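Could you slot chain B onto chain A? The hints should help.
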Amino acid sequence: MEMSALIAGFDETVDNALFWLGDHAAFLFDFFRLVLEGLYDGALWLLELPPFYVVALLAGLLGWRVVGRGFGLGVALALLACAAMGLWLETMSTLALVVAASIIALAISLPLGVLAGLMPRLDRALVPVLDLIQTLPPYIYLLPAIALLGYGPATALVATVIVAMPPAIRLTALGIRQTPREFIELGQATGVTPLQMFWKIRLPFAVPSIMAGINQSLMMAFGMVVIAGIVGSGGLGETIYGAIRTLDIATSIDASIAIVILTMMLDRLTQGAARPRNGART
Amino acid sequence: MEKANTDADTAEVLIDCRSVWKVFGERNAEAIRAITERGLTKKEILQQYNCVVGVSDATLQVRRGEIFCIMGLSGSGKSTLIRLLNRLIEPSLGQVMVKGQDIATLDAAALRRMRARHIGMVFQSVALLPQRTVLENAAFGLEVQGVGKDERNRAAQAALAKVGLADWTARYPSELSGGMQQRVGLARALTSDPEIILMDEPFSALDPLIRRQLQDEFRQLTKDLGKSAVFITHDLDEAIRIGDRIAIMKDGVIIQTGTAEEIVMNPADQYVADFVAGISRLHLVKAHSVMIPPGEWAGAPEGLPCCPPEADIDTLIATIAGSDRDAVAIVEGDAVVGIVTIRNLLSGVRGDAAAVPAAAA
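Which chain is which? The protein sequence lines are A and B, in order.
First residue of the first sequence: 1, per the UniProt record's numbering; consecutive thereafter.
First residue of the second sequence: 1, per the UniProt record's numbering; consecutive thereafter.
Warning: the hint list may mix true and false statements.
No more than 30 Å apart at the CA atoms, straight line, and that leaves these computed lysine-lysine pairs for DSS-like [said to hold, decoys possible]:
1. B:K162 - B:K99
2. B:K223 - B:K162
3. B:K223 - B:K250
4. B:K149 - A:K200
5. B:K250 - A:K200
6. B:K162 - B:K149
Computed footprint of chain A on chain B, listed as stretches where at least three residues anywhere in the stretch have a Cβ under 8 Å from a Cβ of chain A [what the hints assert, rightly or not]:
7. 124-130
8. 139-146
9. 250-259
Here are a few chain A residues that sit away from chain B, every Cβ distance over 10 Å (derived from the structure) [what the hints assert, rightly or not]:
10. D23
11. V66
12. A107
13. V207
14. D267
15. T270
Hint data in this document are derived by calculation from the structure and do not stem from the laboratory.
Here the structure is a predicted model, which means the values were calculated and not measured.
From the three backbone atoms N, C-alpha and C, an ideal C-beta is built for every residue, glycine too.
This is chain A alone, in the form it adopts within the complex:
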């Protein structure tokens, strides 16, 4: 019985801590909420500014430049299909959410990954934290976020950022850490400064791994953004969540197709951008 009392006490403490934060640090979380929603609104505003066919055309051109002609054409047609299904606003809203979440996640995880790659002790401290983040079911992150930030896109963003960070941190650290030994030696023998060693030698070798990390983070963000439909993220996630509640199978399939289209588009685009250009092979 002592054990359950202990656990009840622990639960109560956690609850109290959350309430205390909600009561005393409300201004702080209101500020966070403002910033997060501002970022999301900004991205959404930009995506909804032009008519859907212009967005589809621009995305098609980007796909053509980065990957190839067939892919560019496919992207444009697929986006037009989203509009045809009557899900254009939801699709753009989801895209805005993913883009905003990824920007925040990468702004934190790339520098953190670089530091972890350079400092083995930081890396050792980070690994269990990242393991924990990746093993817990992603729903978990919605709860404290909703307690502190309320129902809406800000909560969805925070939960998505948390889920999206680990792969970028891990793969950035890995890329920085595994610079081939002979190139470290070349740098030393040439007389590079520590900063030059990072920018001119370590970073160029880490780029493929970092790009893979960015790609993986985006994929995680897409997964989370659908789950975050529960907390009123808006977009396709909320459409799917609503369709599940009313057993509207057709709508949920339409929305799923739109999600798949977005995911594949960003996946190929980031992979295409990661491919080494101008004949350089490693």
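Chain B in isolation, oriented as in the chain A frame:
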């Protein structure tokens, strides 16, 4: 292959390596104390301290304009030794003086300057940055020193021209063959115009024909530019081809240092003797090593074919074969300084040091 060791004895010492030790392992400090205080051997150090002696009491001097080869098999400590010369590896004991400065005393910035300006290095793995063009790779040293783009590209272009790659500047390393990549590695070391070039088995991974070609070009280029070089190799033929002087290493110890001729004619121990056994003496052994004083020869030197003291055995054989006499007069200036008979030549070809009378001059 004329070897200019005449001024090598008087030229300024660029690298002075004094009784340098390198011991690897966690307990290296204790191991070093045991070596200096109790004189433990390499084997005892390994057993008692679990430390590996990489370089043991190495002393060598590299003079300006000299190509100094360090020859040893894998595990002999030669790669460790060359890294001690630019402090890529810190010595456990002893001093390395470069241009009169103890490099152990340099702070980080001064060491970077020393490496950037005065000591170039070429690696067996070449280590060309794959994301950069050949020109950008060759310019890397100057780029690191903060030299402007135009100026460093001009220097890199000139260095690439010297190694015969002027037309390849815009290519990427992966588009080049192994031999060409190593030329870029050499050009990169030359671009910063250092006085000393450290070559860590640069040609070992190349096929034999390309290797010979690069050996000759490297020697020619180094001599033309007046550079000094320390050249690591596991191949005695290569050491003889390239080096003015050769140090032979085994188990971290320099067993013998000398010119190729000295090492072939007077090996310091059985290990060196076994090594040089298969080396052809034809181009190594010179007339002054095999000749006898003119007085010891029964015949009259008049009318004999003549050769200078630096003529190798191959030349002497050709000279005798082309005349109707049995001996060659060795002439320095106007004076006959020695005589080489057919008997002397045969002993020289065998490389049997005992059978060859000591150089008379």
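query = If you draw a straight line from the CA of K162 (chain B) to the CA of K149 (chain B), is it 30 Å or shorter?
reply = Satisfied, since the Cα-Cα distance of roughly 20 Å is no more than 30 Å.
Distance rule for D267 (chain A), whose beta carbon must clear each one in chain B by more than 10 Å = Given a closest Cβ separation of 24 Å, the condition holds.
Non-interface label on A107 (chain A), tested against every C-beta of chain B at 10 Å = The claim holds: A107 (chain A) sits with its nearest Cβ about 25 Å from chain B, beyond 10 Å.
query = Going straight from one Cα to the other, do K250 (chain B) and K200 (chain A) come out at no more than 30 Å?
reply = Judged against 30 Å, a Cα distance of about 38 Å means the pair is violated.
request  = Please confirm whether D23 (chain A) is truly not at the interface, meaning its C-beta sits more than 10 Å away from all C-beta atoms of chain B.
outcome  = Holds, because the least Cβ-Cβ distance between D23 (chain A) and chain B comes to about 52 Å, which exceeds 10 Å.
ask   = Holds or violated: are the alpha carbons of K149 (chain B) and K200 (chain A) at most 30 Å from each other?
value = holds, 15 Å
message = So V207 (chain A) supposedly isn't at the interface. Is its beta-carbon more than 10 Å from every beta-carbon in chain B?
response = violated, 8 Å
query = Since T270 (chain A) was said not to touch the interface, does its Cβ keep a gap of more than 10 Å from each Cβ of chain B?
reply = holds, 19 Å
request  = Take the C-alpha atoms of K162 (chain B) and K99 (chain B), compute the straight-line distance between them, and say whether it is at most 30 Å.
outcome  = Holds, at about 26 Å.
message = Is the listed coverage of the segment 250-259 of chain B by chain A valid when you require three or more residues with a beta carbon under 8 Å from a beta carbon of that chain?
response = Coverage by chain A is violated for the segment 250-259 of chain B (0 residues, Cβ < 8 Å).
ask   = Are the Cα atoms of K223 (chain B) and K162 (chain B) separated by 30 Å or less?
value = Holds - the C-alpha atoms of K162 (chain B) and K223 (chain B) are around 13 Å apart, at most 30 Å.
inquiry  = Confirm or reject: V66 (chain A) is not an interface residue toward chain B, with every Cβ-Cβ distance exceeding 10 Å.
reply    = holds, 19 Å
Hint compliance for this structure: hints 5, 9, 13 are broken, all remaining hints hold.
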